[in-house]
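Listed in order, the protein sequences are those of chains A and B.
Note that numbering that gives the first Met the number 0 gives residue 263 to position 264 of the first sequence, counting from 1, and the numbers run on in steps of one.
Note that numbering that gives the first Met the number 0 gives residue 73 to position 74 of the second sequence, counting from 1, and the numbers run on in steps of one.
Since the hints were made in silico from the structure, they are not lab data.
By construction, the Cβ of each residue, glycine as well, lies at the ideal position given by its N, Cα and C atoms.
Check before you lean on any hint, since a few could be wrong.
[What the hints assert, rightly or not] Quick list of simulated restraints, FRET-style, between CB atoms:
{"#": "1", "chain 1": "A", "residue 1": "Val-24", "chain 2": "B", "residue 2": "Met-242", "range": "28 to 36 Å"}
{"#": "2", "chain 1": "A", "residue 1": "Val-24", "chain 2": "B", "residue 2": "Phe-256", "range": "32 to 40 Å"}
{"#": "3", "chain 1": "A", "residue 1": "Phe-73", "chain 2": "B", "residue 2": "Thr-262", "range": "49 to 57 Å"}
{"#": "4", "chain 1": "B", "residue 1": "Asn-305", "chain 2": "A", "residue 2": "Val-24", "range": "43 to 51 Å"}
{"#": "5", "chain 1": "A", "residue 1": "Ser-141", "chain 2": "B", "residue 2": "Val-192", "range": "54 to 62 Å"}
{"#": "6", "chain 1": "A", "residue 1": "Phe-12", "chain 2": "B", "residue 2": "Leu-206", "range": "50 to 58 Å"}
{"#": "7", "chain 1": "A", "residue 1": "Ser-178", "chain 2": "B", "residue 2": "Lys-200", "range": "57 to 65 Å"}
{"#": "8", "chain 1": "A", "residue 1": "Gly-8", "chain 2": "B", "residue 2": "Met-242", "range": "30 to 38 Å"}
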Amino acid sequence: MILHDSLEGFREFWREFSRVKSGLVGLAILIVFVFLGVFGRYLIPFPDAQRHWHDITYWQDNPQAAPPVWFNLFSARKGAPSATLAAPKVTTQDEGNGVSLQTFTYDYNYVYDLAPRDIIIHLKGVGQVPFAVTLVRPDGLSAPLYQDQVQLSSSQSLRLSMADSSASNVVQFVTQSDSQLGNTLDPNLIKPIQVLFSKLDDKVLSRPQADKGKYQIQIQVLLLSPSIKLETPSVLISGYVSGLLGTDLSKRDLFTGVIIGIRWALIIGILTSVVSVVVGVLFGIMAAYLGGAFDWFLTRLYELIYLLPVLPFLIVISAIFKPSIWTLIIIICLFFWTGSFKTVYSMALQIKEETFVEASRALGSTKSRIMLKHISPILLPYSFASMALSIPAIIVYEASVSLLGLGDASIVSWGQILQAALSQGAVINRLWWWVIPPGLMIALMGMSFAFLGTALDKILHPKLKTR
Amino acid sequence: MYRKYVLKRVVYGILMYMVMIFIYSTLFNNVADKTTRAQIDEQVAQEIHRYKNLSPAQITTLLQTLKQNKIRQYHLDEPLASRIFWRSVRTITFDFGNSTIIRSSTGDRNVIKIILEALPRTIILFTTNILIVTLIGIYMGMYAARKPNGGLDRVNSMLTMITNGLPAWWLAMLAIMLFSYSIPIFPSGGLHVNPAPTGFKGVLDYLWHLSLPLLTLVILSIWSTAYLVRNIVLSNLQEDFVMAARARGISERKVLFGHTLRTSMPAIMTMAILGLFGSIAGNIIVEGIFGWPGIGNLYFIAVQQNDVPVLMATLAIETLFTMVGFIILDILYGLLDPRIKVGGKA
Chain A
0 MILHDSLEGF REFWREFSRV KSGLVGLAIL IVFVFLGVFG RYLIPFPDAQ RHWHDITYWQ
60 DNPQAAPPVW FNLFSARKGA PSATLAAPKV TTQDEGNGVS LQTFTYDYNY VYDLAPRDII
120 IHLKGVGQVP FAVTLVRPDG LSAPLYQDQV QLSSSQSLRL SMADSSASNV VQFVTQSDSQ
180 LGNTLDPNLI KPIQVLFSKL DDKVLSRPQA DKGKYQIQIQ VLLLSPSIKL ETPSVLISGY
240 VSGLLGTDLS KRDLFTGVII GIRWALIIGI LTSVVSVVVG VLFGIMAAYL GGAFDWFLTR
300 LYELIYLLPV LPFLIVISAI FKPSIWTLII IICLFFWTGS FKTVYSMALQ IKEETFVEAS
360 RALGSTKSRI MLKHISPILL PYSFASMALS IPAIIVYEAS VSLLGLGDAS IVSWGQILQA
420 ALSQGAVINR LWWWVIPPGL MIALMGMSFA FLGTALDKIL HPKLKTR
Chain B
0 MYRKYVLKRV VYGILMYMVM IFIYSTLFNN VADKTTRAQI DEQVAQEIHR YKNLSPAQIT
60 TLLQTLKQNK IRQYHLDEPL ASRIFWRSVR TITFDFGNST IIRSSTGDRN VIKIILEALP
120 RTIILFTTNI LIVTLIGIYM GMYAARKPNG GLDRVNSMLT MITNGLPAWW LAMLAIMLFS
180 YSIPIFPSGG LHVNPAPTGF KGVLDYLWHL SLPLLTLVIL SIWSTAYLVR NIVLSNLQED
240 FVMAARARGI SERKVLFGHT LRTSMPAIMT MAILGLFGSI AGNIIVEGIF GWPGIGNLYF
300 IAVQQNDVPV LMATLAIETL FTMVGFIILD ILYGLLDPRI KVGGKA
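With the rest of the complex left out, here is chain A (with noise of 0.2 Å):
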C-alpha cells in the first residue's frame, strides 16, 4: 500500500518535472556524469592513474605538455599521435655455436607534418645481450639509432628513449649521406627523432619539411647462449598530439585526470551537501519545535556561522591542519548547514501550529516521533532541491582550496590540475587544454546541479508553487 502511494508520488511528481526542460537538461548531464563518475575507469587510457598521479615513472611514456589528438583536425600542420607499434615481423638467423641475431621489423606509416617527440623501446629478458636499433626511412636510407650491451631483467623491463641516447647516432647518419649539412649539426642541440623523420636538406634545423612515408623500426638482438631470453619489444610512438586532451607537463593524460576527477567532484558535492543538508533541516526543526534554550542557542550559532567568511576561513584551517579530503567536506559541512536552516526554521514554525501536530502530540507522541515522523517529511522535498542547489559552491570551494596548493593532494580533483596547471605556467604558455576543460567540467557539473536544483524548487517547494 505504501510502496503504491509512494510510486503513485513520484509519477506525479515525474509528470511535473517533465515538464520544466531545464530540469531535464540538467538531469541528462547528471546521468552522463555519473555513469562515468562510476563505470569512468573503464573508459580511461591509464586506468591506474589515481593511484599513480604523482609517479613520474607511471606517465614516463607520454609526450610532455602535448596537444590533444583532436587538435590536428584544427590546425594546418598534423602532429603525429601517440601509438603503440604493434605485431612485428619476427626473423631469427641461426649464426651456429648455440648463437642466433634476432630481428624485430615494426613497421610505422608516417604521414603527418610534425614528428613525433620520442620512440620508446621496452625489453624485458633474461641475460646480457648485445643490441640494436635502426630505423629504416622510405628513402631506402636506414639510420643506425642505438647500439649497446644491454642487462635484461624478468621483472622490470627496461627503458630506452631514442630521443636521449641517439642523438651522436644522427649527426653520423646525417654526415653519412651529406657531409656538409652533418657538420652543421650539433648532437647536444638537435631534435634527433625530429631530424630523422624530416627531408634531409639545409632546412632540416630551421623548417624542417616532413619526410611522409613508411618507415620501418627494427630492433636487432645478438642472443650469445640459449639461456639467454628475451620477450618480443615493445616499441611507444610518444607523439607531438597525444590523448583525448592532451598532457600535462608531468607527462599525464589530463583525459584520464578529468574522467577521475568526475568520481571526486560527484562524492565531495554530494556528501557535503547532504550531510550539511540534513544537518541543517533537523537544527532548524529542533529550533522551531522545541524553541526555548535550544533556539537562542542555534539562532545565535546559525549567526555567528553566517557572519563567518567562509574562503578565508577554510584556506586558514586548511594551511594549519593540511586536511584530508574528508576532514576538508566535514569542515565543508560545518559552514554550509546555515544555508538550510533559516528557511526549514520558519517553515517547522508554521507546520509546529498545524492540527495533526497537535493530534498527534494529544495521542501522547514523544517529541522526537512528532519531529521525525510527522514534520521532518513535510520539509524534505524542500531539502533535496536545497541539496541539488549547494553542491556547484561546494565544488568550487574544493577546488579553490586545492587551487590555493592546500587541498588534499593525494586526490586527482579538478582543482587539483587547474592548481598543477596554474603554479606550472599553463596560462602563460598557453596550455589551453591543460586549463580549459578541468574548468568546464567544474561548471558544467555546478550548472547540472543547478538546473536540476531549480527545476525541483519550482516543484516543491510550497512558496514558489503557488506561483
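Let chain A serve as the given structure and place chain B on it in line with the hints.
Just chain B, lined up with the frame of chain A:
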C-alpha cells in the same frame, strides 16, 4: 521606539563582533603568542643598544627586566584564558601591532598601515564591480521581469545557472590566457607598468590594468544579480496595486520604474548593501591571479608566511565590515518597514 531598536541592534552587533574576535584569538592563540614573544625579543635587543657603557652583568639584568616588563605588558605570563582575552581586547581596539614579515611598500611594519595600503585597491576593483553590476543588474532584471519567459529572461536565467558554478578564478585564468598572451591587448597583471607613469598617463595606465579584472568580474556576476532583481520585481508585479496602476492607464514604463521598483527596493537594497560590504574582503584567488595587491592577496600572503598579526587584522576588518553591513541593513529595514522595529517574531 525606533531609537531603542537601533540601539539594541548596534549593541547586539558589537557583542557579536566581540564573540567573533574571541573565536579568532582562540584559534590563533598559539602562533600569536610565539609571534609576540619573538617580537619582544627583537624589541628588547634593539633597546639594549642604546645603553652603551654597561657591564655585561648589568646588560643581562636589564635585558631580563625589559623583557619581563614587555611580557607583562602583553599579558603573556598569564593563563591561557587571560592571554586570549587580552589579545581579543587588543584586536577589538584596533591595536594590531606589527607584522612579522610583510611590509608595506614604504617598508613599514605597522599592520594598520599595511592594510590601509591594500584596502583602497580592493575597493577600486571589487566595490566598483558591485556598483556596476548592481546598476546594470537592476535595469536588466526589470526588463527581464517585464516579459517573463521572453528572450532576455530566458538568456538571463540560463546564464545565471551557467555562471552559478563557474569559479571566477578560472574565468580569470582564461581571460589572461586569451587577452594577455594570445591577443595581447591587456596586461597580465599588476597595478601599473614599471616604473609607474605619473599624471594623466598614470591614470590611463591604472585604468588599463584595472579593465581586464573588472571586465571578468562584471561578466561573471551580472547575470545572477539581474536574475535576483527579476525574481523580486516579478513577485511585486503580481500585486494588486500594479494592476490598479495599469488599469488607470499609467504607462508600463512608469509602472515598472515608478511603482514596482519602489516596493522592490528593500529586497534589492539587501542585495546591494550585502554585496557592497562583502566586496571589501576582495577575492583571495582572483586577486592572486591578476596580481592585484589588495586585501585578498594580502590575506593569502599572510597565511603563507604565517604572519598572524596581519592575518588576524584582515579577518577582523572583513568581519567588521560584514557586521556593519548587517546592522545598517537592519536599521534601514526598520525605517522602511515599521513592523520590524517592534521586534515581533516572523
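The hints, checked one at a time:
A hinted range of 28 to 36 Å for the beta carbons of Val-24 of chain A and Met-242 of chain B is consistent with their spacing of about 35 Å. Judged by the Cβ atoms, the range 32 to 40 Å given for Val-24 of chain A and Phe-256 of chain B holds: they are separated by roughly 34 Å. For the pair Phe-73 of chain A and Thr-262 of chain B, the beta carbons lie near 53 Å from each other, so the given range of 49 to 57 Å is met. Between Asn-305 of chain B and Val-24 of chain A the C-beta distance comes to about 47 Å, which sits within the given range of 43 to 51 Å.
For the pair Ser-141 of chain A and Val-192 of chain B, the supplied restraint of 54 to 62 Å holds, since their beta-carbon distance comes to about 56 Å. Separated by about 53 Å at the C-beta atoms, Phe-12 of chain A and Leu-206 of chain B satisfy the suggested range of 50 to 58 Å. Checked against the hint of 57 to 65 Å, the C-beta distance between Ser-178 of chain A and Lys-200 of chain B comes to roughly 59 Å, which is consistent with it. Evaluation of the 30 to 38 Å hint for Gly-8 of chain A and Met-242 of chain B yields a pass: the beta carbon distance comes to about 36 Å.
Of the numbered hints stated above, none is contradicted by the structure.
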